[in-house]
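*Asks:* Spelled out from the first residue to the last, the chains are:
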Amino acid sequence: GAGVSQSPSNKVTEKGKDVELRCDPISGHTALYWYRQSLGQGLEFLIYFQGNSAPDKSGLPSDRFSAERTGGSVSTLTIQRTQQEDSAVYLCASSFFSGQGDEKLFFGSGTQLSVL
Amino acid sequence: AQTVTQSQPEMSVQEAETVTLSCTYDTSENNYYLFWYKQPPSRQMILVIRQEAYKQQNATENRFSVNFQKAAKSFSLKISDSQLGDTAMYFCAFMRGSNYKLTFGKGTLLTVNP
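Those sequence lines, one after another, are chains A and B. Numbers in the working numbering are just positions in the first sequence, counted from 1, shifted up by 166. Numbers in the working numbering are just positions in the second sequence, counted from 1, shifted up by 36.
Isolated chain B (complex conformation) (with noise of 0.2 Å):
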């Protein structure tokens, strides 16, 4: 089974400044893909970024970008440039490839201060 692990239940950060979100999973296949969701208030998850396990290059979508460690099985969200509308819970989620289901982390819940 896989399993994903978000060690920062809550973390703050300053308006323009740069944040990092850790995750790590735990799996025996080679063939994945990671994602991190957006939750804010309004409940509804947001895809932000998405990576396969299969590139070497890190993904990025403009001011959200990973760094993915295959061998270390670290997934980790960069987010610059932090803006209020980031403040919400952010999960990092695993789906085998050929598959379905996502198996979400905990959550990191992000407060973005004026």
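So here's chain A without its partners, still in its complex pose (with noise of 0.2 Å):
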């Protein structure tokens, strides 16, 4: 696609429930990074995908968090029972991952969750 799709757009939710956060990363981008934007954390990573594979889960913040990836392209982010202080905004970013260090993130307007 033209850039990095993320839905829903805005996701509001009851203390408890699970939530699905979707996002489509750039055609040929083998690279995908999961951030939170939150007022106290600021921009935090979550997580990192080459392919399908998640070698660096360690920003997730409890094992209330999973994601995945699969065909190398859409990612989901899986939030289980949801608390308020999950509230934030979930950015994705993707990126022609080169190695050398000089990776050019191009990211997604985001999923502004509210747990109420």
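What the hints contain is simulated information worked out from the structure, not anything from laboratory work. From the three backbone atoms N, C-alpha and C, an ideal C-beta is built for every residue, glycine too. There's no promise every hint is true.
To be verified - Some chain B residues flagged as far from chain A (calculated, every beta-carbon gap over 12 Å):
#  : residue
1  : Q42
2  : E46
3  : M47
4  : V49
5  : E51
6  : A52
7  : T60
8  : Q75
9  : Q92
10 : S101
11 : Q105
12 : L120
13 : T123
14 : Y136
15 : G143
16 : V148
Unchecked claim - DEER-style ranges, computed between Cβ atoms:
#  : chain 1 : residue 1 : chain 2 : residue 2 : range
17 : A       : K181      : B       : N94       : 41 to 51 Å
18 : A       : E180      : B       : N94       : 49 to 59 Å
19 : B       : N149      : A       : G194      : 34 to 44 Å
20 : A       : T242      : B       : P150      : 14 to 24 Å
21 : B       : F100      : A       : N176      : 26 to 36 Å
22 : A       : S232      : B       : A37       : 20 to 30 Å
23 : A       : P227      : B       : P150      : 37 to 47 Å
24 : A       : S204      : B       : L83       : 14 to 24 Å
25 : B       : P76       : A       : T242      : 25 to 35 Å
Each chain sits in its own coordinate frame; assemble them with the hints.
*Replies:* So, in structure tokens, the structure goes:
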């Protein structure tokens, strides 16, 4: 696609419910990243995919958070038993991973998650 | 661990004037990259400019330029001829060489006034 697409744009859920956030990266980009943007913590790295593998999940805040990527393309971030502190903007980015440390990340517009 | 500090939570500038946003960082790495991202109300993070630490020449992209002072670990963004569309949050970010994680500052909200 022309850019990184995320859906839904906004999601309101009740505490304790599960949510799925979707990211469709730029076609041909092998690397995919999830970041979380919250008022208190700023922008935080969550997880990184290279192809369908996630060599770095170090930023996932708890075991309620999981993510997968299929076909080297679309990724889904799942939050189980949502808590109010999960309220944030979840940003997805993709890049053509060069391994040279000069990655240019292209971001989507994020999903604003509100947990009531 | 790397840290990125943006000491100006908010700034404003008149249309057509020049403004400079500050950023300092702390790292023991020698190979790294620095970025400025813009986040308008649409929420999409847009790459404004990138600087390789091994390059002494300051990066420029049209009206945007940086003042990269490696020894001082300073990386400021200058916006010339400010336009109303420049109104946004601006984030300074750091990436280690051969890595992929971005470490962001807290951001500076820039308002361009007509």
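*Asks:* Hint numbers the structure violates, sorted upward?
*Replies:* The structure conflicts with hints 1, 8, 14, 15 and 20, although it agrees with all the remaining ones.
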